[in-house]
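*Asks:* Starting from the two chains in their separate frames, assemble the complex, guided by the hints.
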Amino acid sequence: MSVELDVFVGNTTIMDEEVYQLWLDGYTVNDAVKVRMEGGVMDECEASKDVLLSDTMDQYRTFQMCERLLHSPAKLANQLLFQIPPHRQIMLIERYYAFDDTFVREVLGKKLSKGTKKDLDDISAKTGVTLKSCRRQFDNFKRVFKVVEELKGPLVENIRQHFLLSDKLARDYAAIVFFANNRFETGKRKLQYLSFQDFAFCAGQLISNWTVGAVGESSIDPSYNMVEDMDVDLDKEFLQELKELKILITDKDLLDQHKSLVCTALRGKTKVFPEMETSFKNLSRGLINIAAKLTNTKDVRDFFIDLVEKFIEPCRSDRWTAADMKLYLTHYTNSAHILDTFKHQVVWDRYMGVVKSCIFKMYHD
Amino acid sequence: MPGKLKAKIVAGRHLPVMDRASDLTDAFVEVKFGNTTFKTDVCPKSLNPQWNSEWFKFEVDDEDLQDEPLQITVLDHDTYSANDAIGKVYIDIDPLLYSEAASVISGWFPIYDTIHGIRGEINVIVKVELFNDLNRFRQSSCGVKFFCTTCIPQCYRATLVHGFVEELVVNEDPEYQWIDRIRTPRASNEARQRLISLMSGELQRKIGLKVLEMGGNAVVGYLQCFDLEGESGLVVRAIGTACTLDKLSSGSAPNTNTHMHPNTAPASNACNSPSKDGKESPLAHGCRSTHNSPVHSVCSSQRLSQNFSVSVPTLIFTGMGSGGSAGKEAGPLRTLLRQQTQTALEQREFPFFTLTSFPPGFLLHVGGVVSARSVKLLDRIHNPDEPETRDAWWEEIRQEIKSHARALGCHAVVGYSESTSICEEVCILSASGTAAILNPRYMREGCLDIGCTDHRFEDPSPPSCGFCHIPYDELNMPFPAQLTYCYHCRRQKVPDVLFTTIDLPSEAAVAGKGCLIQARLCRLKKKAQGETNATAISNLLPFMEYELHTQLMNKLKLRSMNALFGLHIQISVGENMLLGLASATGVYLTALPAPGGIQIAGKTPGDLSNEHISSIQKRINDTIAVNKELYQINPPKLFALDPEVFCGINMELAEEGVGSPIPEPRHRSRLFRSHSESSDELSELDLSHGKKDAFVLEIDDTDAVEDIHSLLIDAPPPTGFYSCNTENMPGISNWTSGVQMFTSVRVLRLSNANLTNQGLNKIFTDLCENLLKSFYFKLRSMIPCCLCHLNFTVAVPEEELIQVTVTAVAMTYDKEQTQEKTAEKPVNKGSLEAEEQLQFPLELCADSSSSNIQTASKISGVAESTNISPRVSSLERCSPLQEGRSRSLRSSRSFGGSSVTVVKMTPLSFLPGIRIIKYLGIINMFFIRETTSLREEGGVSGFLHSFIAEVFAMVRAHVAALGGNAVVSYSMKECVFMENPNKNQAQCLINVSGDAVICISETDQESSASTANTGQTGGGGTDGAT
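Residue numbers (UniProt numbering), protein chains in the order written: chain A, 1 to 365; chain B, 1 to 1026.
Only chain B is shown next, with the shape it has when bound in the complex (with noise of 0.2 Å):
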């Protein structure tokens, strides 16, 4: 009942020659929706038809409104035979079911085929009346919000934010169906896009439904995946945040009232939380297994032939260092304040948070990464409605992600992410996130009675430096690591490095600039089936991590770094090999102690080849020296260490650093630990990086100076490029307007079948580096010029098939101002006065008031930002970004005279010098592109070239519809690629998704309302005349 849709088919423009005799077309067009069908008239002989049909209306519920796309097919009318289709525009009205988005979705559409890809463009204009839903027992979930956007979106402000929500639809995939021996490609396609299309709306709706349940109006950090399992069916599964958004208008004074809300809801499932902190046997360097038995049943019930599961040995990623040192002052204040807030949160079933950058404030301790894998076997989905298998298996996946935060003192997980890989009948699922804890004052609904409990529970740590220290007991370490007093305030203990997986908190203090980190490793395997492969798969696991952490660790010491940021892990499955791919964004964090050199050592101290070992030596040490001079490493100088607290870590180092267990790879004879000034190799040490803590390398066989030689392979980007793989870059903000989203894939054959570990190795990592190379040659004319969120995916397409999908947008950014202000900046944050800070009160977005800008200002130690009007400076702090964006204020490049809207993209929250005035509702997109004649279009490469310039295009042209100039948060989610050569087939599968907005140059805000509502209106109007 409680909806009408209309929608109105107005023309169309460079239809294709359906007619070979005349080079005309007949066409007309068929408009959808459910099981309701119209049409309009006949257009005949024209390429350029004008229908300008009436209003087609379908009554429907709001439940098919949000779960069905309207579907509008083109065809070539013909008398004597079956009319032929020319193409189809499948549109989501979502964005059209809640009041503040879009009102009216209306302009050209690309008409899309998947046999030939875009074949001409159709005018279109859509509309929505919703009755007002009576709040009956409600299967809709209309009016809830979603955003990508993994903080909170800009012009608005949470006033709760609820957490974690989950929800995955199966079916069977169409493609695997018995039908599909009989019918068309183009008609499997086509089932398979609409499915898809109808699950991700299901989806959306049943998410809606929770958050509305929670009480909530909006879910922020949405991401959404397909699993396509094959013969065993496909999975739609999305996971995200639950918030509660005020929309904020100019001007309006800020409710502080800012609490998280926990959710009451009890953990159901007991039995699936199984405690396992008794079975933990520590790995070496901080990396801790959870789990000793590889073929593990988390349900106690669980037909094993049917659904076999593996659960992979995980590990937490926090500091190095095996030397465990502990500082005995374990305050009891700490300890007060997790029990206080633990209580808050473990009321819930998962504490996590997709959201990946905070309000200050809110974060208050960062633990270290914590991630779970598990191997598992697929079988086929008997009952679609009854997903519960597959829910079962994420279950396992967070509780153990849910144990691990515990593990680390940690109540919450924050920066939550979940993937998979599938390869035949295996799926590896993971799991990954940064265990934290968070302020808990957002903890208490009502968020009351600041005054006497934040006296004992305040954390005196400043914004720029307290979430490195830890939040674990130092007494009880989960794992042995190294901690040192904060190299900022002293009163807190951090670790020696950081990893995370979220963004750098835009109040954190660096020393120059972050730089984009990756690790790569490939393991070849045995061919197997079933339980043998899964098992051998599972075993292969835990070595690839440590090994990927391993290099992580070595890169980030030779760039003369501390902590990673955006830290992402893919591990993808192949048939005859494991590709495992780390990036993450590397950076100096001033709270923590500077980075030790890398030592190298021979195997005994009289080694044959020293003079060899000294060159390579040599060369190291040059590498960090000319690093630390590209990356302007240059931290504050320290205030005078107090002697004793140096002395206590001494003794403790050299009590337990022996004793560190190093446990597997010894085999692979190679040593790398950490090395203390205790130690008997003193002599030889080269101490010229000043630290006490220097990294050894010992070298015993070739393998070993492979891995050397590979980890100096990593060329630095050419002068006047920077690159990292998160929402900002640390240490340039002067962002200028100059943009350029791409999307990059490169597919490796692998010729000879008697690859090693090794060879394969040097392949991927050429092919990654190679990659990199290419990006700066291309984007060669932007210098100066950051390569952010440079999203590598990795696949095994086929057995001798390395397929690489990056995804990123390269940004210009102003030079000079940079360099003035990295001098400056190290400098003012040393010098913060933390206590004040968290006496205002925080709130948990982008608020202005009065006592805000005067943080975000003392933060960022920037003067200017007090002159600006309050709401710029509060809408900016909701990016990481705070004092670039105000000074480049120049507007985006203006294309006028073309007929086409100008739609920027980008993976980032947020575009420089640009200010998003509306979001307009999620752009979520499926489709698939098959060809018969692929030498005809080019090959492989002309094909994907073409399809995804296509799936541009179409992002693009709804954006337009809605009204908007912008996606942000945009990522291709999945890029499945199939070819038979011989055939000359190939067929392709992409997923899309991202915000569409409306934003306007920051130049002219004062303009800003208006100019957007008739822009939107407007724009409407003029694209249905022409």
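Same shape as in the complex, but just chain A (with noise of 0.2 Å):
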């Protein structure tokens, strides 16, 4: 004796969040039950293993005819064949695009390539999460970038209202997209301690300031918002006015100007004001070489691991607080102003506003 055939359909589509989310993170129907049943939901309505296993499968069943309109959210609202409730299908996009953190980390700035979803079973086993899941948000992340890749304006605007997503969740993609398109390298192992809120703070930096969208929003001819990739690809323009600042490492007068500005500023003021003074050559030849070679492609993607090897790691090493960090680069920064035959006021703010911030972010053990 075997139940053959079991379903069981409402008028309204009944959907039980929690049975979404096992579904979402890739439970077999199995296992599922399993976790159901150690949650306790058996003690409601009496219900046994049988009730438990057929509710099961009936969901997932649901959640399976359903993930077709998932992939273009925007359908779920006009469909026919699901009467859902709105609020439920805000529910249920948001959950099918949300991800793990430690999955997307392992990702972050790969190809989203056809290669990299064959590693998936490795970033599988190395993460935790199932390697259903690990396929749902790597075609999650795929999807999002090829229809954003097509479209014009600001991508986190563009990804809210194509895929019906939080702000949160979409500056988050737009994170993805960013450092999907732009290859940044993320994967070393003096990147690990990094944790993907920390680059997609970074990315959202990147994107306001240094993409030619940045520039769009705020020039004054409103057509020029709408060109394509305006958000994804870096300011080539900008990029180039970068290798101007090597004037301040590589003029000895305006280096030695720089310096003592800085130290005036800073001295008494903390603990680590000599280990500062001594490095402070080192550190300022580090961030402007960085700048000088943006132009190149391979240099962008190590990016980061520049930032990292060129001047939080020394001063780690030296002990500086986090405090330490935000005063010498606000003056760092600043001092360079009052310098008479330094020209380039503009592209330093921009330059130094997004990696002053992108050190904070990252400045942490």
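Hint data in this document are derived by calculation from the structure and do not stem from the laboratory.
Worth double-checking, as some hints may not be accurate.
As the list claims (entries may be wrong) - Listed next, the in silico DSS-like pairs over lysine-lysine satisfying Cα-Cα at most 25 Å (straight line): (1) A/Lys-49 to B/Lys-45; (2) A/Lys-152 to B/Lys-45; (3) A/Lys-146 to B/Lys-4; (4) A/Lys-75 to B/Lys-527.
To be verified - A short list of chain A residues far from chain B (calculated; beta carbon distances all over 10 Å): (5) Asp-58; (6) Leu-81; (7) Ser-113; (8) Gly-128; (9) Gly-153; (10) Gln-192; (11) Lys-246; (12) Thr-250; (13) Asp-256; (14) Asn-289; (15) Asp-299; (16) Arg-319; (17) His-337.
Even for Gly, the Cβ is constructed at its ideal location relative to N, Cα and C.
*Replies:* Following this line, the structure appears as structure tokens:
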């Protein structure tokens, strides 16, 4: 005796959020039943294991049928097959596009290609996220990437409108798309201590300050707002201009002048002042060399590793506190304005603004 | 001539990719009606094409308008090969044919393909211009309204109820035609869908004609069914109740002249009404066989070989108890009354009513359930234009029902329904209903001179108990029953138990809450062919009915209840077994005596296993106590019973109780009989249940033990849940807005062939119980909640498969108010002053008149109903819920922001907290879905899951296109599932029906009319624009 067929269909589609999460997390039906049993759901309504199994199967089927619609969430609102209240639709979409930070950390900056997809089982083993869930998350990244690639206009807004995601999630996806597009290196051992949220913050900074779109926002011409890839590619002109900053380290006078200004401002304000004074030239060279090299795609990819190697690590070995770091970078940036012979104030601000906030975010254990 | 149909194809969306190369589709549309076809332009390379076509105009007869659906086919243009069909939409334009309903059909329809399911959507606008038909010899019946609802629809009042209408049409099934061997499954499915659509159109038109002939304008309680007879053809049949309905406009003063119109057509086939009364041999427990020869041909000149028919001994359920008692003072008044009303109704061929709930005062007495079954061998329908054989079969059954009703002293049958079960060439036809006496006032045309006649014939029964009073003659009882004086009015006799197929009358006095009671039974039979098979089945049927009845009775007692409403017994035939499923809603009627307990007895007084027996007894007693608590059955304290009456009953019991014949079940060594105080076993009795009459179960073999165990196996619903299979839940009326309609299907494969009846029973019972458990679990977020209208359908699709299909609605209610109400209810009802009630002119519908409101408030005992506006309360009255709806004025959840109209669906005739302001027409849809890639679609469950979801979607889309936002009286009448996993194939047929309505939340009634109108046209406009 066996149950050959077992279905339950409601006029309003019934979905249990807990089961949805289990499905998203890639649990098999049997594992999901186990989890639910342990969760004590059986005590409600005197359910038995069979009841739980039947319910879980029904829900899994429903989710599978919905999955096609979730791939283009706008369809969910005007499809006729499932009658789902809007707040449930929002929940379904938001959860479907949610991802594990540990997983995304592994693929961040990698090419969203078939090759990477093949490595998902390794990532799954490493992160403990089920392979099924890894695939869903990876496919989500790829899908969002593909869609926004062809769209004009601001990245975050496009993602939010096209996939009906919350602002937070749309920003995270923008970061993922941005990283994947520029192929930033994030996997090196030295970068392991950084979380996805650290990178997402930095991506946000880069998107809103260093891309073509960033300039567009301040531009008077509104049509400029609608350039393809305006938020995904860095502003080439700006990268060229960054070369000009080299003068701060190549011109000996300027370098000394800069150093003395910073040191004057810092003296007595921090315990690590002697270390700051001695490493000033090294640190300054580091930051400005990073800026000057950004015209090379290869060096763009190494942006974060460079920041860590050339700046964060030396400071950390000198036991700077985060406050020290803040103080130093503020004065370092501001002092350059007082240098009479330094003409590239705008580029300097645009560069240092981002670098400063990135380093603040990245300066932790 | 008299109609112009116009259709416009606006746009498509979400179309499937038909061209792999471009990932796009070059779609165009064919619009077909009758033999005329129009085409739109091709909209190249788009999955969201905008055709914005011209208006395609069809000039057609209104007869065709009724029969034919508008057929819209979406195709992919292909320059080099044949165009590929994407899918089709059939639009039933019937709702446009009567003025009060929809004026336009406009909206997004799912494009449906029988192989691929829903493939995108298409936006269509359809209009009809009808020219006035100058009453020639009409073949059409445009304008007759159809309702699935089995009560007088809200916002209408019935000025006249004409009576029973029936019709059937037959045809060959395209699936079994020779051409089917060479055409594709898609073509075959589409031919079938189209044919059935045509046939139901024709059927509806023919019924409409009958209604017009009778002078009516509507059919209420319309029930249409398909019999897929396989090789022998396809039968579409329908029954309903013809009425003259008036639309209620707000504030209109109602006309109280409501009456039944006797259909003056004389009984046509005198030979078809055999008088069987003489042959009756009583079975035990008020079940009575009316028939004794197993092979029986009613129409004299039937060819037995070709048209083999076995009429099965059928049973009448009414009161229980084998001890007959007869109050000797049979009122002459009563006899007079019967004579008077009978003459009025007997003129009609079938005084049947498919309605299940009635306005107060309509139903005077209820006799009990009458049912008839007949086993037939199918033969090919030779001439589709003359479906006489099938007609004769039903005629025969109806005559039987009629004579049963007469035997119960009743002149009418209410809550009437018909069904079939087919397996290969064997077909079981079943009909059942409730024998009843209706108010004579409604029987007379003109409804005149109430004054003089009324005094004589007025039955002085208060509405809260009147319907329980026995209609039959106590001196000449049709079966042994145990009668007592009504516990309410003490004037009339009532049976100890009452079974009916109708809904609980809203004015009935009940104690506590009701609950779903099911009896389930499997019987194995040998595989056989032809007449042997039919005889074997017909021999099994009476035993099954008996067992089901006994089970129902035991379970009723176990729940300490004394009446069943909405009883529906389904017997389904398979190759090697018969399945029986009886569902009903149990309730404690305070007018009836309290049920006795159940007494366990060993075979002999000094049985060895006494300890065992006493432990079982304890379990039973405990269960009864728990159930009393659970269903809050605290009947009002009885007024002191007249000791003389008591004595009289007891004496009679002593005399006659012993002599009650208990025929065939003796060999099964199990006895159910009632026990009275005067019996020898008195000393052993535990009278803790306080009643004079206990029910004795004798245990003398393992079978009986098993049976008792299975009796106790039914788990009560978990806390917070109640269940019933009727329109209204006894004891709950304060619904809140949560509504969830669902359909569930489960198929069980029996693995080993050598199962016993007992084993099968267990499996079947578990199947039903587990289904209920699943529902409770799935719907736990709705607690406190009641599963209403639980409709179980069983089938044996293949030799080792059992299929159970359930459709029901879960509704939330307010717990606090219920408790407060149940506390006050019985008291109020108990103190009703009855006579006054019927002094008011009662009409057959939801009218408002001040007297009615008073009546209503008196009946329900709820003070606040007086301060609602007359209109509201009047509208509520036609639905069984009175008190609750005005209280729970919460609006329905609004799903703002979405472009898709939310369409609520319910098998009930109402939605809580929501008022129906317009009926848009009947929804009657038939779909076939087939797959040749079963595994890829997620196996049988995945396949059926998506199909049911698709059917829901298509129903919702059609309702939305009519401008509606809900479907009431929804039912899934057919769900035939066939699979062939080895070939990776499956096929399923689903037939659904219901009434499309516009409803509004009761809170914003004021703006009702305007919003409804703008909503409809506006909705159409915006839909068209998008």
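*Asks:* Against each hint, give a clear statement of whether it holds in the structure.
*Replies:* Checked hints:
1. A/Lys-49 to B/Lys-45: Distance of about 51 Å is beyond 25 Å: violated.
2. A/Lys-152 to B/Lys-45: Holds, at about 23 Å.
3. A/Lys-146 to B/Lys-4: violated, 50 Å
4. A/Lys-75 to B/Lys-527: violated, 52 Å
5. Asp-58: violated, 7 Å
6. Leu-81: violated, 5 Å
7. Ser-113: It holds; A/Ser-113 is separated from chain B by about 21 Å at its closest Cβ, greater than 10 Å.
8. Gly-128: At roughly 28 Å from the nearest Cβ of chain B, A/Gly-128 sits farther out than 10 Å, so the non-interface label holds.
9. Gly-153: Holds, since 21 Å exceeds 10 Å.
10. Gln-192: holds, 41 Å
11. Lys-246: About 50 Å separates A/Lys-246 from the closest Cβ of chain B, which puts it past 10 Å; holds.
12. Thr-250: It holds; A/Thr-250 is separated from chain B by about 55 Å at its closest Cβ, greater than 10 Å.
13. Asp-256: At about 64 Å from chain B, A/Asp-256 clears the 10 Å cut-off, so the statement holds.
14. Asn-289: holds, 48 Å
15. Asp-299: The claim stands: A/Asp-299 keeps its Cβ more than 10 Å from every Cβ of chain B (closest is about 39 Å).
16. Arg-319: Label holds. Min Cβ-Cβ 55 Å, cutoff 10 Å.
17. His-337: Consistent with the label, A/His-337 stays out of reach of chain B, its closest Cβ about 50 Å off (over 10 Å).
The structure fails to meet hints 1, 3, 4, 5 and 6 from the earlier list, while all remaining hints are met.
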